[in-house]
Amino acid sequence: MTEPVLSVRDLKVQFVTRRGVLKAIDGVSFDIAPGEVLGVVGESGAGKSVTGSAVIGLIEPPGRIAGGEIRLKGERIDNLAPEAMRRVRGKRIGMIFQDPLTSLNPLYTVGEQLVETIRTHLPLSAGQARRRAIDLLAEVGIPAPDRRIDGYPHEFSGGMRQRVVIALALSAEPELVIADEPTTALDVSVQAQIITLIKRLCAERGTAVMLVTHDMGVIAETADRVAVMYSGRIVEIGPVRDVVKHPLHPYAVGLMGAIPSLETHADRLVQIRGSMPRLSAIPPGCAFHPRCERAFARCAVDRPEPLDRDRRKVACHLYDEAHAEIAS
Amino acid sequence: MLAFIIRRLVQSIGVLLAVAFIAFAMFRFVGDPVNQIVSIEASAEERAQIRESLGLNDPFVVQFARYVGRAATLDFGISYQFRQPVTKLLGERMPATLELALVSAVFALVVGIPMGVYTALRRDSWLAKLFQAVSLVGVSLPTFLIGILLIYVFAVTLGWLPSFGRGEVVRLGDWWTTGFLTTSGLRALILPSITLGLFQMTLIMRLVRAEMLEVLRTDYIKFARARGLTRRAINFGHALKNTLVPVITITGLQLGSIIAFAIITETVFQWPGMGVLFLQAVQNVDIPIMAAYLLLIAFLFVVINLAVDLLYAVVDPRLKVTVRAA
Numbered sequence: 001m002t003e004p005v006l007s008v009r010d011l012k013v014q015f016v017t018r019r020g021v022l023k024a025i026d027g028v029s030f031d032i033a034p035g036e037v038l039g040v041v042g043e044s045g046a047g048k049s050v051t052g053s054a055v056i057g058l059i060e061p062p063g064r065i066a067g068g069e070i071r072l073k074g075e076r077i078d079n080l081a082p083e084a085m086r087r088v089r090g091k092r093i094g095m096i097f098q099d100p101l102t103s104l105n106p107l108y109t110v111g112e113q114l115v116e117t118i119r120t121h122l123p124l125s126a127g128q129a130r131r132r133a134i135d136l137l138a139e140v141g142i143p144a145p146d147r148r149i150d151g152y153p154h155e156f157s158g159g160m161r162q163r164v165v166i167a168l169a170l171s172a173e174p175e176l177v178i179a180d181e182p183t184t185a186l187d188v189s190v191q192a193q194i195i196t197l198i199k200r201l202c203a204e205r206g207t208a209v210m211l212v213t214h215d216m217g218v219i220a221e222t223a224d225r226v227a228v229m230y231s232g233r234i235v236e237i238g239p240v241r242d243v244v245k246h247p248l249h250p251y252a253v254g255l256m257g258a259i260p261s262l263e264t265h266a267d268r269l270v271q272i273r274g275s276m277p278r279l280s281a282i283p284p285g286c287a288f289h290p291r292c293e294r295a296f297a298r299c300a301v302d303r304p305e306p307l308d309r310d311r312r313k314v315a316c317h318l319y320d321e322a323h324a325e326i327a328s
Numbered sequence: 001m002l003a004f005i006i007r008r009l010v011q012s013i014g015v016l017l018a019v020a021f022i023a024f025a026m027f028r029f030v031g032d033p034v035n036q037i038v039s040i041e042a043s044a045e046e047r048a049q050i051r052e053s054l055g056l057n058d059p060f061v062v063q064f065a066r067y068v069g070r071a072a073t074l075d076f077g078i079s080y081q082f083r084q085p086v087t088k089l090l091g092e093r094m095p096a097t098l099e100l101a102l103v104s105a106v107f108a109l110v111v112g113i114p115m116g117v118y119t120a121l122r123r124d125s126w127l128a129k130l131f132q133a134v135s136l137v138g139v140s141l142p143t144f145l146i147g148i149l150l151i152y153v154f155a156v157t158l159g160w161l162p163s164f165g166r167g168e169v170v171r172l173g174d175w176w177t178t179g180f181l182t183t184s185g186l187r188a189l190i191l192p193s194i195t196l197g198l199f200q201m202t203l204i205m206r207l208v209r210a211e212m213l214e215v216l217r218t219d220y221i222k223f224a225r226a227r228g229l230t231r232r233a234i235n236f237g238h239a240l241k242n243t244l245v246p247v248i249t250i251t252g253l254q255l256g257s258i259i260a261f262a263i264i265t266e267t268v269f270q271w272p273g274m275g276v277l278f279l280q281a282v283q284n285v286d287i288p289i290m291a292a293y294l295l296l297i298a299f300l301f302v303v304i305n306l307a308v309d310l311l312y313a314v315v316d317p318r319l320k321v322t323v324r325a326a
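These protein sequence lines map, in sequence, to chains A and B.
Sequence positions in the first sequence follow UniProt numbering and run 1 to 328.
Sequence positions in the second sequence follow UniProt numbering and run 1 to 326.
Just chain A, same shape as in the assembly (with noise of 0.2 Å):
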């Protein structure tokens, strides 16, 4: 297997409050391949977006990684310095955010800002990067962009901003791009065409993605594995076609059971009862086991370590040889 383009081994992301520290992510491992793209599901603070922002390294404080290691094509990223970590964002690791409303600065054009993010990584002139950052819109799909460039980010609309952003994204060929709810923003009519683009550009230049959503459809159509998030853990990961048809884990089954579907038949949807437990208030054992109607006594004691089932891993006591009786 050729080496990952990302690698997180037991990433720890704490929160230092003055009720105490906050676990938002507590023991989070997970490869990314080159050219593929890893969907992470779950909840509202489940910790999808923090995992996004520790490995561009935007945990701001009083937010830290308190542990684990990070490693973009085997060397580490988490323990660098400012400076140096600065160099890799943009340049090798690209970030596309929720909302394009708000993520372009409304007082520059979309050229000054394109020319400005060319400039910062590669060594061009201001004309060469300025036709580079033509030949990115039109790459990412704005008609007219000779003339567009010089447009102010109000007017576009909310796709072509999205696409605006995904072009700085791209700017200077990351080898990783980091999308966080790239299409929750949008109009529902224009967000597969923006997964869609997301996917081309990605797969055209090898660019390994993480596509951070709490949108099963888009994972399902987009994403080549997918990692389910809970309670910032994660409980599931593994080939996105076995985890939506087939999920091992109690809160993925409940969560694959909540997307209707066209071909089955359902008057009700699957619904998982109760809710996320609060970070200042996460149960011990297996987060999930309150909710869980599997449960048993081993689940409340005992926390649950990822076990490697066929080509994914599973953090549950089901599936534990040794309560394989149990399972059945």
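In case anyone wonders, no lab produced these hints; they're calculated from the structure.
We put the CB at the ideal spot given by N, CA and C, even for glycine.
Do not take every clue at face value.
What the hints assert, rightly or not - As a list, the in silico PhoX-like pairs of lysine-lysine whose alpha-carbon atoms are at most 25 Å apart:
id: 1; chain 1: A; residue 1: K199; chain 2: A; residue 2: K245
id: 2; chain 1: A; residue 1: K12; chain 2: B; residue 2: K222
id: 3; chain 1: A; residue 1: K199; chain 2: B; residue 2: K222
id: 4; chain 1: A; residue 1: K73; chain 2: A; residue 2: K199
To be verified - Some chain A residues judged to face chain B by a derived CB distance under 8 Å, without partners named:
id: 5; residue: L72
id: 6; residue: Y152
id: 7; residue: L269
Since the structure of chain A is provided, determine the placement of chain B on it from the hints.
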């Protein structure tokens, strides 16, 4: 854009006419102008003659129209106390006030903006906390007290700077005198400018700080960080520029008040400007000077506001569209 300017100009003229009306009303209602001109011994006939020659028997509207017409040609009549044209008196003193106001405003901006940026970026450093504390003093101390304290420390105790006057001035052209070209003129400017500008400086500093903190939380700053831009480019190119619209508004309005309220500073430092002239005029019921001063200040406010509106469009492209559409 042109339609916008024309509309604002028409509005400005309306404002100036209203102020002119108030100024003119002073002539009619604050004592009889004839009494201010003639001596006590003047006979009733003489008084009637002067009244007729000044056109004071004409209807109110005609007199007002005549006053506005003269004001438009910069003729504000003769000062009661100096027996000289008001325009000449104000013109002689205007350079002193304008130079003082300009230096104060530049001082307020040049010191206030960097201090605001610094206190926003290094919120927890001791220097930022010191600036914050000093700014509280600047906001709360009355101007005359600051002036007296500065005179006491730097002029009386240390003897570094002059305590009053403009120093040596150089005449430029027909009517402008400047203190910028001589050492004593420049030295004389320091204390009054600090006195006049300190309040504005602390105001600008606190404003820039608050706006910076607001802008630094926005998504586009986060995105700028994610794009790997340098700290310098983010803080000054992206964040500071977005704080400028409110700063321009406040600075513009404050520039007007700096000129209008230079009166106190000019009095403390015996600065030979329009403020001192105005105070003398009030003491001696010299209505032509008071009326002209009122109009002049109104005119400056109107011009500054117009300039501020035009500057918005330069800084923020989104406003250009609204301005064009309006």
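Are there hints from earlier that the structure breaks, and if so, what are their numbers? Going through the list in order, the structure violates hints 5, 7 and respects the others.
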